[in-house]
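Participant: Keeping their order, the protein sequence lines are chains A and B. For the first sequence, the positions run 1 to 162 when this note's numbering is used. For the second sequence, the positions run 1 to 105 when this note's numbering is used.
Honestly, the hints are just simulated from the structure, not real lab data. Just so you know, even glycine gets a beta-carbon here, dropped at the ideal spot from N, CA and C. You may find that some hints are simply not true.
Unchecked claim - Covered by chain A, per the in silico footprint, the following chain B stretches (three or more residues, Cβ under 8 Å):
#, region
1, 6-12
2, 15-29
3, 42-48
4, 52-60
5, 91-104
Said to hold, decoys possible - Quick list of simulated restraints, FRET-style, between CB atoms:
#, chain 1, residue 1, chain 2, residue 2, range
6, A, LEU22, B, ILE46, 32 to 40 Å
7, B, ALA47, A, VAL70, 31 to 39 Å
8, A, ALA12, B, PHE86, 29 to 37 Å
9, A, GLN35, B, THR28, 38 to 46 Å
10, B, THR28, A, LEU132, 37 to 45 Å
11, B, ILE46, A, GLU36, 40 to 48 Å
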Amino acid sequence: MNLTANDAILLAHATLGVLGTLSAVWVFVETLNAQEQNAQRIQTAALAVAVFMVLAWIVGGYWYLHYYPVEKALILKRPWPFAHNLFMETKEHLFLMTLILSLYLPIAARDRPHANATTRRMVLSVAFLIVLTGLTIEGSGAVIDHGVKIALLRPSSTVGAK
Amino acid sequence: MSADPARLGRTGAAFGMAAAITALFNTTLACVKDAYRPLQNLMNTIAANNWTTQGLSDGILFVGLGLILSNTRMVETIKPDRLISFLIAVVAVAGLGLFAWYAVF
Numbered sequence: 001m002n003l004t005a006n007d008a009i010l011l012a013h014a015t016l017g018v019l020g021t022l023s024a025v026w027v028f029v030e031t032l033n034a035q036e037q038n039a040q041r042i043q044t045a046a047l048a049v050a051v052f053m054v055l056a057w058i059v060g061g062y063w064y065l066h067y068y069p070v071e072k073a074l075i076l077k078r079p080w081p082f083a084h085n086l087f088m089e090t091k092e093h094l095f096l097m098t099l100i101l102s103l104y105l106p107i108a109a110r111d112r113p114h115a116n117a118t119t120r121r122m123v124l125s126v127a128f129l130i131v132l133t134g135l136t137i138e139g140s141g142a143v144i145d146h147g148v149k150i151a152l153l154r155p156s157s158t159v160g161a162k
Numbered sequence: 001m002s003a004d005p006a007r008l009g010r011t012g013a014a015f016g017m018a019a020a021i022t023a024l025f026n027t028t029l030a031c032v033k034d035a036y037r038p039l040q041n042l043m044n045t046i047a048a049n050n051w052t053t054q055g056l057s058d059g060i061l062f063v064g065l066g067l068i069l070s071n072t073r074m075v076e077t078i079k080p081d082r083l084i085s086f087l088i089a090v091v092a093v094a095g096l097g098l099f100a101w102y103a104v105f
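With the sequences and hints as input, model every part of the structure.
Facilitator: Dropping the structure here:
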């Protein structure tokens with residue numbers, strides 16, 4: 001198996017993002033059934049969201065700075081420049097919003113969602129937004145990946161960068 | 001902790017408001033730096049890349065605003081459901097705004 005640092009870091013980034021999104025689903029489901037018995041689990045899951053998303057940011061940021069420029073140049077010269085111009089640009093900035101929501105989730109979850117209906121609504125809303133933006137980001141990652149694949153599979157087709 | 005079950009705790013409300021403001025700031029900064037190259041160049045020099053600088057700015061703004069608002073009574077005057085609706089609306093508008101910006105420009 002020929003696994004480079006580039007491959008490992010990129011896969012770790014996507015995996016951490018998925019784990020963060022799944023943890024947000026976990027928070028959502030636990031909060032729907034919030035009781036005193038699962039109060040600690042809600043806080044643990046909310047903390048897991050924050051930890052996974054921060055790690056996804058650090059790992060993804062390292063990959064973006066060190067490895068992505070080569071792929072970006074390839075994408076921009078080939079048939080799918082929008083894979084970078086639209087999807088990567090939106091993804092990298094939308095992720096920062098997901099990151100802030102992920103940092104906020106453990107703070108909101110500390111406020112006893114099992115005893116406070118307003119807190120429960122806030123935790124449910126934030127967890128839902130993290131899942132929604134997380135899935136959008138994962139989907140954008142797939143489009144970017146396909147943009148590189150198309151560039152390699154159709155090297156004769158060129159399109160000017162935006 | 002919130003004493004009144006109909007309200008968010010002060011810290012929760014303060015950081016909720018900080019998250020909404022940071023989301024707006026994030027989209028605004030993304031558009032402004034894209035339109036105004038000198039700002040992007042400046043951000044490139046601060047933390048290796050404009051995106052890294054933007055992430056750090058968002059983090060500092062979120063924590064700073066959250067701490068400041070936690071020490072004021074301002075967030076307690078906002079109805080909790082209004083704050084939740086505001087946060088959802090801001091994330092939706094800011095997210096779609098990012099997509100629209102990069103789709104058009």
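Participant: Compare the structure with each hint and give your call.
Facilitator: Hint-by-hint comparison with the structure:
no., hint, in the structure
1, 6-12, "holds (count 6)"
2, 15-29, "holds (count 8)"
3, 42-48, "violated (count 1)"
4, 52-60, "holds (count 5)"
5, 91-104, "holds (count 7)"
6, A/LEU22 - B/ILE46: 32 to 40 Å, "holds (34 Å)"
7, B/ALA47 - A/VAL70: 31 to 39 Å, "violated (21 Å)"
8, A/ALA12 - B/PHE86: 29 to 37 Å, "holds (35 Å)"
9, A/GLN35 - B/THR28: 38 to 46 Å, "holds (41 Å)"
10, B/THR28 - A/LEU132: 37 to 45 Å, "violated (21 Å)"
11, B/ILE46 - A/GLU36: 40 to 48 Å, "holds (46 Å)"
In summary, the numbered hints that this structure violates are 3, 7 and 10.
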